[in-house]
Amino acid sequence: KPPPTPRNPPHQTHTLPLSTMQQHGPEDKSCWFSGTQYLSNTLTIAVLGASGDLAKKKTFPSLFSLFNLGYIPETALILGYARSDLSDADLRERIKPFLPDEPKRDKFLERVVYVKGAYDSEEDFGQLDARMAGYESGAKDEGGECDVANRLFYFALPPSVFASAARAVSATCQTNNGWKRVIFEKPFGHSLKSFRKLVDDIDSTFSESQIYRIDHYLGKEMVQNLMALRFTNAMFEPIWNRDHVQSVSIHFKENFGTDGRGGYFDSIGIIRDVMQNHLLQVLSIIAMEPPVSVSGERGSEFLRDEKVKVLQSIEPIKIENVVLGQYLKEIDGQNRPGYRDDDGVPNDSVTPTFATIVFYIRNARWAGVPFIMRAGKALNERKSEIRVQFKRPATADYLFSEAEHSAPNELVMRLQPEEAIYLKMNVKTPGLAQTTTVTEMNLDYQNRFKETEAGEAPEPDAYARLILEVLRGRHATFVREDELQIAWELFDPLLEKIEKERSEPIGYAYGSRGPKESDELFERVGFQYAGEQYHWKK
Amino acid sequence: DGEYCSQKMEEFLPKIHYVQGGYDDPEAFKRLDAAVSKLETEMIADSKSAAKDSHRHDVGANRLFYLAVPPSVFSEAIAGVNQGARAPHGWTRVVVEKPFGRDAESYAKMRVEVAEQLSEDETYRIDHYLGKELVQNLMTLRFANAIFEPIWNRNYIESVEVTFKENFGVEGRAGYFDNIGIIRDIMQNHLLQVLALVGMEGPLSLHSEDIRNEKVKLLRSIKQLTPEDFVLGQYRAAGKRQGYLDDPDVPNSSRCPTFAACVFNINNRRWDGVPFLMKAGKALDERKAEIRIRFKKVPGNIFGASNMNGNELVIRVQPDEAIYLKITSKVPGLTSRLDESRLNLFYRTAWEESKDIPDAYERLILDVIHGEKSLFIRDDELLVAWDIFSPALLAMENDHQLKPEPYNYGSTGPVECEYLAAKHGVKWGYD
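If you read the sequences in order, they're chains A and B. So the first sequence is residues 1 to 538, counted in the numbering used here. So the second sequence is residues 1001 to 1431, counted in the numbering used here.
Hints are computed from structural coordinates only; laboratory data are not their basis. Since we're looking at a predicted model, the values are computed, not measured. Check each hint, because a few of them may be wrong.
[To be verified] Okay, the calculated bits of chain A under chain B, using three or more residues with CB under 8 Å as the criterion: (1) 228-242; (2) 291-299; (3) 330-339.
[To be verified] Below, computed lysine to aspartate or glutamate pairings styled on DMTMM-like, alpha-carbon distance capped at 20 Å: (4) 1296(B) with 237(A); (5) 1297(B) with 289(A); (6) 391(A) with 1149(B); (7) 1297(B) with 237(A); (8) 1297(B) with 1149(B).
Each residue gets a CB set at the ideal place from its N, CA and C atoms; glycine is no exception.
Starting from the given sequences, assemble the full structure and let the hints guide the process.
The structure is reproduced here in C-alpha cells:
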C-alpha cells in the first residue's frame, strides 16, 4: 500500500517543521513501525551523562525494569558515556544501589559498559561508535535472525552541553543499518528565544521522526488512561463540552519546598518547572478532539496533530487571570524555612513557587469554560489531580430544597500519590431522611487491576513505559516540536513580564493551601466550591 | 444495639392489643371500634396530664388501618372499617396490600367497591419496592446529577433492563402462587413501578402528586403487551431441589409461570425505539434485583477494537445495595490494552449507617403517618398498569396450547429468553 500523502500541520506566525511524514528518512524505513520487531534485532543503548543523577536514579533503573521483563533482549549492549574516569566495574557499582534486588540484576549489570569521552568531541564519540559497531558485527556473526542493528541514545545531559553532544552523535554515531533514535530530556529551552536557538543549534542533526522528547507525565498511568477514558466511553463524550462542563482544573501540589536546591530552582520557577510542560500536556489531552485514530502507523501523528490543534486554540494568558506566590517560613508546626531562607536563593528573589493560571480555549467545544492550572511547592499536601467539574443540573434548585447539600458532579482523576478515578455525585441520604448527600463512584485502581501483565509489578515507572514506547517506535507519548513551540509562545509573554517587572509574588506559609487570592481567582472564574472543599472561608 | 433495643421493646409490647373477629362481621368491627375508642380516651388523658398538653382541648386521635388480609375478604374488611371503625376526631387511613385485582376487569370492579367506602386520599396502596432505598434514590440520581439527564434518552441509551431474580422456589406458598403467577406477583406491580421511575419525565416538584402524575404519563405511553412480547418459564427439578410441579400444593397440569420476561415499547419522543426489558423469576441461580441502563457503543471508535462494550449504569436494589458504572479503561501496565472496569458506589462501604438501612415497610408506614403519598400507588396508575398487562395475561392463560418453557432449578432461566432480547437487537446484561 503506498504511503499516504503527507500533510502539513497548520502554520501560524512561526515556521514549523514539515509534517513528519515528509521527513521520514531512509534510515528508518527498515523496521518502520517496528512494534516488537526490535526484539529480534541487535540493540545497543547509549546513556549519555551516565554518571549524573538522572541516569543513576531514573534511566538505568528503567532500563533494568524493561530488561527484567524481557522488553530489552538479554543480548543488548548498554553503554554509559560521560567525562569521568571510570571503568566498567566502577559504573556498575554506581548504578547497582539504585536497582531492585531481582535475580536478573547481575546479568543486566554485565551488559553495562563504560566509554569515557567529552560531550563536544567528535573524536570521543567516534570511539563510542566504534565500540557499538564492534559489538554489532560480533552479534551479526553469531547469526541473529535479522541482521539489523538498532541504536538508541539517551541524552541525560545538562543544557550547556546538549547541543554539541547532539551534533557530535549525529555526525559520528549513525553508522548502523537499523534505526537510530534519540531521547531528549527537558528543559527544552528557557524561553521562546532560547528554545528557537536550541532548535537551530541541533538543526540537521536528527529528523523529527528520530527524536523522542520526554515529558514523563505522558508516561504516567493515569494520563495514558485519559484518552481511553474519553474515547472509549460513549457516556462521557456527549457531556465533554461547554454545555455541560463548568470548569476544568489541573492541580499539582507538593508538600515540600526546594530543600537546599533553591539555587537551581530560582532560575526556573514553578511555571517552567511544571506548568509549561507537564500540566499543559495534560490540558491538551483533556481538551483535544478525538484523533483520526490512535493505532496503526500514523496513529501517533494523528494524535499529536490534535494536541497541537487544541494548543493553538488557547487564548493568550491575561495577567488578571494569574496569581503568583512564594512560600514563607512555616507558621507553627516544624518551623520549616521559607523560600528565601534557602542559601542558594537571593534575598530579593521574585521567583514564583506557586502559580494559578486560568486558560480559555477559543473553539466551539470549549468557549467560555475556564481551564485552571494550579501548581505549588511547600503546600499542605502532596497531590496531583485533574477535576472536570460539571454544571449544576437545571432541575436541582426547584426539585431539591436541600440544594446546598448537593454538589456539582465532578470526574476526578488523581495522578498521584495514588492513582484513582472517581465520579462525585449526589444520592439520597440512606435511611429515613429525605435529604441528598454527596458521595462518589470509585474506580478502585489498586485492587481492581491486581493482575496486569503476567508477572509484572503493577506499577511500572513512567520512564520505563516511555523507553519501551521508543523501542516500539511509537511517538504518541512524546512531545513534538510544534507542540513545544506553541507551549513557549503561550507562556513566554508572562515569563518575560515576571522577569522584567519583578513584582512581588504573594507570600504564603509553608504547609498551607497557598495564597487565598488563588481561591478567589478560582471562584471568580466560576469554579464551584462544594461544602467540604471550601475550607478557607471558615 | 442490644440494650437499647430491648428497653424499647419493653415499652413497645404493652401497646399491642388484640381484638378477635371475623373480617366480614360488622359486630366485630364495632367491638374493634369500642376497644380503640377506650384506648384513645386513655391516651388523650395521659397526654393532657403530662404538663405540656394540659391546655389543649383539640387533641385528636388518628387511626391507621393496615389490612393484611386475604383478597377474598378484602372488600368486606374495608366496608367494616368504614362503617364501624372510622376515627371520629382525626384522620382515617387504610393501608392495603396487593393483589389489587387479577386483571383489568376485576380491578375495575374492586376500585368501585373500595371507592364506595374510602376516598382516594385515605387509601394507601403499598408497593414495597417503592420503599426500597435505591428505588427511592432514582429521583435524586436522575435529577440532582447533571451528568445523567443529557444522556437519558434514545440518542445514547441502547436498552433498559429491570430484573428480579430469586434463588428459591415457591416452597410452602405454592397454593397461593399457583393462582397468581410471576407476572401478577412481581412484574405488573413492582417492576413496572421501577420502570416508570426510570423512564418518566422530570416532575414539577417532589410532591407526591407531581411524581405520580409523571409516572402515569409514562405508563400511558407504553404500548399494550401481547403474548408475542413474552417468554414464560417454569422451573423443574435439578440436583436435590424439587421442581414446581413436584410441589404437593401444585396441580400436575399447572401452566403457571414461575419465570417471565417481556419487552416494552414506549411510544414517546424520549424513548421511541429503546427496548425496555423486564425479567422476573423464581428458583434461579442468584438472588438479585437490579436496574441496568445500557448505553450505546462509541460511534467512530478510534481504538480499533470493535468488540468493546458500551457503558452501563447498574443500580442494584438488592442484595448489597450499590450503584456502579461500567466503563472502559486502560489496563495498568506496559501495554495499551483496554478492559472493562467499574466506578463503584457500595452502600455498605460508603456509609456506616447503611447496615441499618430501614426495611422498605418501615419507611412506608412512616410515610402513611405523615400523609406522604409519593411511595404509594394511585388509582389511575393501577388502571394503566392493568391495561398494559391484562389482555396478554388472559390470552396466555386461556391458551391451553401454550406451555411455559421448563428450566432447571438454580439455572439462569429458559433459553428462549435470550432470543427475546435478540429479537429487539439487544442483549441481556450479566454483570
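Practice item. Three residues minimum, CB to CB under 8 Å: does the region 330-339 of chain A make the cut for coverage by chain B? Let me know. Key: Violated, because only 0 residues of the region 330-339 of chain A bring their Cβ atoms closer than 8 Å to Cβ atoms of chain B.
Check your understanding: Given the proposed pairing of residue 1297(B) with residue 237(A), does the C-alpha separation stay at or below 20 Å?
Key -> Holds - the C-alpha atoms of residue 237(A) and residue 1297(B) are around 11 Å apart, at most 20 Å.
Check your understanding: Three or more residues of the region 228-242 of chain A near chain B by CB distance under 8 Å?
Key -> Our answer is that it holds, as 10 residues pass the Cβ test (under 8 Å) against chain B, meeting three.
Review point. Does the alpha-carbon distance linking residue 1296(B) and residue 237(A) stay inside the 20 Å limit?
Key: This hinted pair holds, its Cα atoms lying about 12 Å apart.
Point to revise | Given coverage of the region 291-299 of chain A by chain B, tested with a Cβ cutoff of 8 Å and a minimum of 3 residues | key: Check passed, 6 qualifying residues.
Check your understanding: Regarding the pair residue 391(A) and residue 1149(B), is the alpha-carbon distance no greater than 20 Å?
Key -> 12 Å, holds
Review point. Can the restraint linking residue 1297(B) and residue 289(A) be considered satisfied, given a maximum Cα separation of 20 Å?
Key: 18 Å, holds
Exercise for review: For the pair we were handed, residue 1297(B) and residue 1149(B), check the Cα-Cα distance against 20 Å.
Suggested key: 18 Å, holds
Of the numbered hints stated above, the single one contradicted by the structure is hint 3.
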